[in-house]
Every structure is written in structure tokens, then in C-alpha cells.
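K.L.:
Residues per chain, in single letters:
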Amino acid sequence: MAAALTRGQRSSRQNFETWAWFFMRISGVILFFLALIHMYIMHIENDVTHTTVSFVARRWANPWWKLFDWWLLVLGLLHGGNGLRTIIDDYVKKPFKRSLTKALLYVVGSGLFLLGTITVLTFK
Amino acid sequence: MTTTTVEHTEPTALIKEVDVHLTIKRFNPEVDVRPHWREYDLRLKSSDTVLNALIAVKGTIDGTLSFRRSCAHGVCGSDAMMINGANRLGCVNLISSVGTDLVIEPVRGLPVIKDLVVDMEPFFAQYRSVLPYLIANDDPGYKERYQSPEDRARFDDTTKCILCGACSTSCPVYWANGAYVGPAAIVNAHRFIFDSRDQAASERLDILNQKSGVWRCRTSFNCTEACPRGIKVTQAIEEVKRAILYDRS
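Heads up: the sequence lines are chains A and B, in that order.
With the first letter of the first sequence counted as 1, position 104 gets the number 104 in the UniProt record's numbering; the numbers rise by one all the way through.
With the first letter of the second sequence counted as 1, position 35 gets the number 35 in the UniProt record's numbering; the numbers rise by one all the way through.
Hints should not be assumed to be uniformly reliable.
Only some residues are given here: those of chain A computed to face chain B with a beta carbon under 8 Å [as the list claims (entries may be wrong)]:
| no. | residue |
| --- | --- |
| 1 | 14 |
| 2 | 17 |
| 3 | 21 |
| 4 | 79 |
| 5 | 82 |
| 6 | 89 |
| 7 | 90 |
If you anchor each label on the Cβ, the simulated ranges turn out as follows [said to hold, decoys possible]:
| no. | chain 1 | residue 1 | chain 2 | residue 2 | range |
| --- | --- | --- | --- | --- | --- |
| 8 | B | 247 | A | 117 | 31 to 37 Å |
| 9 | A | 22 | B | 28 | 46 to 52 Å |
| 10 | A | 14 | B | 134 | 23 to 29 Å |
| 11 | B | 111 | A | 63 | 55 to 61 Å |
| 12 | A | 37 | B | 111 | 30 to 36 Å |
| 13 | B | 18 | A | 14 | 54 to 60 Å |
| 14 | A | 14 | B | 147 | 26 to 32 Å |
| 15 | B | 225 | A | 22 | 25 to 31 Å |
| 16 | B | 19 | A | 40 | 51 to 57 Å |
| 17 | A | 44 | B | 19 | 43 to 49 Å |
| 18 | B | 172 | A | 110 | 26 to 32 Å |
| 19 | A | 14 | B | 144 | 34 to 40 Å |
| 20 | B | 36 | A | 114 | 51 to 57 Å |
Hints were generated in silico from the structure; no laboratory data involved.
Idealized CB from N, CA, C, for every residue including glycine.
Please build the complete structure, drawing on both the sequences and the hints.
P.N.:
What follows is the structure, encoded as C-alpha cells:
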């Protein structure tokens, strides 16, 4: 239950949960625009069946688009990952199962981050 | 200050007698393994409340039906129940406004004791955990602690809570996670956090800054819709979140 702190004792003003919430608010607003622009370019301006290697090469010739996509990757993973972490906290009740599910989430999240970052950095 | 919200109906329509069909989720822990539905038909005035209908069932059809009620006027908060899928007070909703075909269930997220009666103890334990009383250790030197009308208005909305539990038991996070203090506890913390006479805001903010506190809220607004007193519950929760974020004390 919540009242674990003893009266008069102040641990810290803001904690991880505070900043995690704040991050969700900020990244949510940024992702709204990033995802809409991404959606427009990939599905309205261009047909998704034409997104070949040469299409990506033409796009990524401009480093700003690389940066754009990398931010979409990082914010998407962190925002989605934190959302899933919150849901796991709510729905996975057994401590061991919860740790295991979260570990899986972090491993998959880090894997996708590494894979995406390597692709963005080494693409020629 | 607003009173309990009631929908308005044409006065002449209220005198009319109507056939009411009730489908009630029943559970008797001494006999039943799981809850089951029972249907009741009765004739009532359209000005009768849902609580009147339940009392009529208990008095004339099936005396074993259990539900809580006390003041029957939307003040005590005893008879929060799920009526046609929404958490409401049985005593302030007229047949004329909710309809004649009613599905009534106990509120969700709290263990059912019998029929519509749920165990409120987890709810009250969460309420107590946020220190819902004035904490001021200094001697004011006179009989009353003065407060300006502006300072009083800051937390006016959250003083209206009657602890019926309609908000907490409509919250999807509350259903899933028993550790969450729930909207009602946060509303009652808000009532003192923003009270200029109180001196323990930081203690309450620390309690609500834990994993079981305000950060569990996903702003689904179910609580705001469910509140029979019209409290802007989600807004109160967001104000507490912001108070924690901006806290420099």
C-alpha cells in the first residue's frame, strides 16, 4: 500500500516515475508530428510498394532525413517501451513473471535500437 | 457549490406508471460458485429511482436481494452500482432518465460480498493512505484558521466527494492493479494538498509520487464521467501530477 513513507521524512521531490511521465508527455507531442510526417511521406506521397533500397538511398542522401528517422526510432522505442512497462506493472502480478516480461521487453527494445542505429549509421 | 447531478425530466411524465424490467447480477457466497443473472418485472412510477426499484424487488418479489443504501438522497454514497454499464448512484437516477430496461451489477474492482454489496475496505485503506485530514502543527493563536475565499475556491471541487467509490471502480487501471490508490484517494489528497491551511502537502505528494500513486493514471476519464457529484476527477489528478513535477520545496 502507498503509505510506506514515515511522516516527516522526505526522500526526493521528483523520481523516476515523475520523469517517465513527463517524458511520455513531451515525446508524445514530438512523436505526433514525426509519425504524421513519416506516414505522409511513406503512404500518401509515395506508394509503400515502391520503398526499395534505392528509395531509401535517395532519401538518406540527406543526413537530416537520417536524423529524422533515428529520432522516430529512439522516441518510438522509448515511448512505446515505457508504455508497455507501465502496462506490465499493472497486469503482470507475479514478481518473477513481471521481471521476466520486463527483461524481455528491455532486451527486444535494446536489440531494435541497436539494429536501427547501426542501419542508420552504416547505410551507404 | 453544485449538488449531486440529476437529469431533468418533464414534470408530467413523472406521474406515469411504467413496466420496469430489471436484470440483476446476483451472488450468494454461501450457495453460488460464480455470479448469475436474475430478472424481475415490476410496475413503478417513472419518477421512482433505481433504488426504489431495488427496494420494491426486495420488499415484494425476492427478500434475499442485498444492496447498500442509507440516506437515499445522493449524499451518503452507499449505493454506487453499475447501471446499464455505467457507475451511478441508485438513489439519484430516476427510471425516467435511465430507462425501463435496466441491467444492474455491483461495481467492479472490489471483491463482491453478496449481490450488489462489495467489500469497500481496500478502497478505504487507499483513502486513509493519503492522510485525508488537516495537518497543521502550529498554534494559530486564535480559534479559527482563516482562509480567503480565493484560497478556499482552489480546492472547492474536490471537497464535494462523498466516497461512493464510483470513480475508482470505473477506472480500468484500478480494475487491473490493486496497488493503485485510485481516483477517489487522489481527489481527497488534492482537497488537502491545495488547502492553504494545511502543512503536509509534501508528505501527500511523496505518497502519490510512488508507483502506486498518480503515475498509474492513464487519463481515460472514466472517473470524471462516473462521478455523481460532477467532480472533475481527472483534472484533480493532473493537478497533483503537475504539483509533483513543479515541487521545489
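K.L.:
Each hint: holds or not?
P.N.:
Right, here's what the structure says about each hint:
1. 14: With Cβ-Cβ at 7 Å, under 8 Å, it holds.
2. 17: holds, 4 Å
3. 21: holds, 5 Å
4. 79: Check failed: Cβ of residue 79(A) comes no nearer than 14 Å to chain B, outside 8 Å.
5. 82: Violated. Min distance 11 Å.
6. 89: Holds, because the Cβ-Cβ distance from residue 89(A) to chain B comes to roughly 7 Å (cut-off 8 Å).
7. 90: holds, 4 Å
8. 247(B) to 117(A): 31 to 37 Å: Once the Cβ atoms are compared, 35 Å apart, the range 31 to 37 Å for residue 117(A) and residue 247(B) holds.
9. 22(A) to 28(B): 46 to 52 Å: Check passed, 48 Å falls within 46 to 52 Å.
10. 14(A) to 134(B): 23 to 29 Å: The hinted range 23 to 29 Å holds for residue 14(A) and residue 134(B), with Cβ atoms some 26 Å apart.
11. 111(B) to 63(A): 55 to 61 Å: 59 Å Cβ-Cβ, so the 55 to 61 Å window holds.
12. 37(A) to 111(B): 30 to 36 Å: Violated: the Cβ-Cβ distance is about 49 Å, outside 30 to 36 Å.
13. 18(B) to 14(A): 54 to 60 Å: Roughly 56 Å apart at Cβ, these two residues keep to the hinted range, so it holds.
14. 14(A) to 147(B): 26 to 32 Å: holds, 29 Å
15. 225(B) to 22(A): 25 to 31 Å: Hint holds: Cβ distance 26 Å, inside 25 to 31 Å.
16. 19(B) to 40(A): 51 to 57 Å: holds, 56 Å
17. 44(A) to 19(B): 43 to 49 Å: For residue 44(A) and residue 19(B) the Cβ distance comes to about 55 Å; the hint is violated.
18. 172(B) to 110(A): 26 to 32 Å: Since the Cβ atoms of residue 172(B) and residue 110(A) sit about 29 Å apart, the hinted range of 26 to 32 Å holds.
19. 14(A) to 144(B): 34 to 40 Å: holds, 35 Å
20. 36(B) to 114(A): 51 to 57 Å: holds, 54 Å
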